[in-house]
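A.B. asks: Sequence:
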Amino acid sequence: QVQLVESGGGLVQPGGSLRLSCAASGSIFSIDTMAWYRQAPGKERELVAAIRSGGNTNYANFVKGRFTISRDNNKNTVYLRMNSLKPEDSAVYYCRYIVPGSGDYWGQGTQVTISS
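Those letters in the sequence shown? Residues 1159 to 1274, per my numbering, in order.
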């Protein structure tokens, strides 16, 4: 059984940085897309960034230039480096793995709070 576990969330001041990690446990192969989503209270879950197996990335406009997504295929891990954080970045951040022929996996979420 595959499980995704996020880590790295927390409380940080505006302008600060955090790095989120998402690691997969269990047997999982050929992960196509690894992505980060976020959901703030009262809002729908939204895509933050995604990275394909070949390294292509795409970002939501609201994080371009501030966030960087990367992946380590040997560790089945995806990262999200978040710089210049703003209060509006506060949300629960979720990772998602898309594995062709296997399924669509989500983590349980990690809370990110930006506040002074």
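If you're looking for bench data, these hints aren't it; they were derived computationally from the structure.
Heads up, some of the hints might be wrong.
Said to hold, decoys possible - Pair by pair, the computed Cβ-Cβ distance ranges are: (1) Q1197 - S1175: 17 to 23 Å; (2) Q1161 - S1211: 30 to 36 Å; (3) S1175 - G1261: 30 to 36 Å; (4) R1177 - N1216: 16 to 22 Å; (5) F1220 - P1258: 27 to 33 Å; (6) E1202 - G1261: 19 to 25 Å.
Claimed, not checked - Cross-link-like lysine to any residue pairs, in silico, SDA-like; alpha carbons within 20 Å at most: (7) K1244 - R1203; (8) K1244 - L1205; (9) K1244 - P1199; (10) K1222 - R1239; (11) K1233 - G1212; (12) K1201 - S1248; (13) K1233 - R1203; (14) K1201 - V1250; (15) K1244 - T1271; (16) K1222 - I1272; (17) K1244 - T1191; (18) K1233 - A1181; (19) K1201 - N1219; (20) K1233 - T1191; (21) K1201 - G1267; (22) K1222 - S1248; (23) K1233 - G1213; (24) K1233 - G1200; (25) K1222 - S1183; (26) K1244 - S1183; (27) K1233 - F1187; (28) K1233 - S1248; (29) K1233 - R1254; (30) K1233 - N1214; (31) K1222 - E1204; (32) K1222 - E1246.
Note that the coordinates shown come from a computational prediction; the quantities given were computed from them, not determined experimentally.
Beta carbons are placed, not taken as given, at the ideal position from N, Cα and C, and that holds for glycine.
A.B. asks: For a C-alpha distance cap of 20 Å, please report whether K1201 and V1250 respect it.
C.D. replies: holds (11 Å)
A.B. asks: Is the straight-line distance between the alpha-carbon of K1201 and that of G1267 20 Å or less?
C.D. replies: holds (15 Å)
A.B. asks: Hint says 27 to 33 Å; check whether the CB-CB distance for F1220 and P1258 agrees.
C.D. replies: holds (29 Å)
A.B. asks: Please verify whether K1222 and I1272 have alpha carbons no more than 20 Å apart.
C.D. replies: holds (18 Å)
A.B. asks: Sort out whether P1199 lies within 20 Å of K1244, counting only the CA atoms.
C.D. replies: holds (16 Å)
A.B. asks: Is the hinted pair K1244 and T1191 satisfied, with a Cα-Cα distance of at most 20 Å?
C.D. replies: violated (26 Å)
A.B. asks: Are the Cα atoms of K1233 and T1191 separated by 20 Å or less?
C.D. replies: holds (14 Å)
A.B. asks: Does the alpha-carbon distance linking K1233 and A1181 stay inside the 20 Å limit?
C.D. replies: holds (7 Å)
A.B. asks: Go ahead and decide if the range 30 to 36 Å is satisfied by the Cβ distance of S1175 to G1261.
C.D. replies: holds (32 Å)
A.B. asks: Against the 20 Å threshold, does the CA-CA distance of K1233 and G1200 hold or violate the hint?
C.D. replies: violated (34 Å)
A.B. asks: Verify the proposed pairing of K1244 with L1205, using a straight-line Cα cut of 20 Å.
C.D. replies: With Cα atoms ~17 Å apart, K1244 and L1205 stay inside 20 Å; holds.
A.B. asks: Between the beta carbons of E1202 and G1261, is the distance compatible with 19 to 25 Å?
C.D. replies: Once the Cβ atoms are compared, 22 Å apart, the range 19 to 25 Å for G1261 and E1202 holds.
In this structure, the hints that do not hold are numbers 2, 13, 17, 24, 25, 26 and 28, in rising order.
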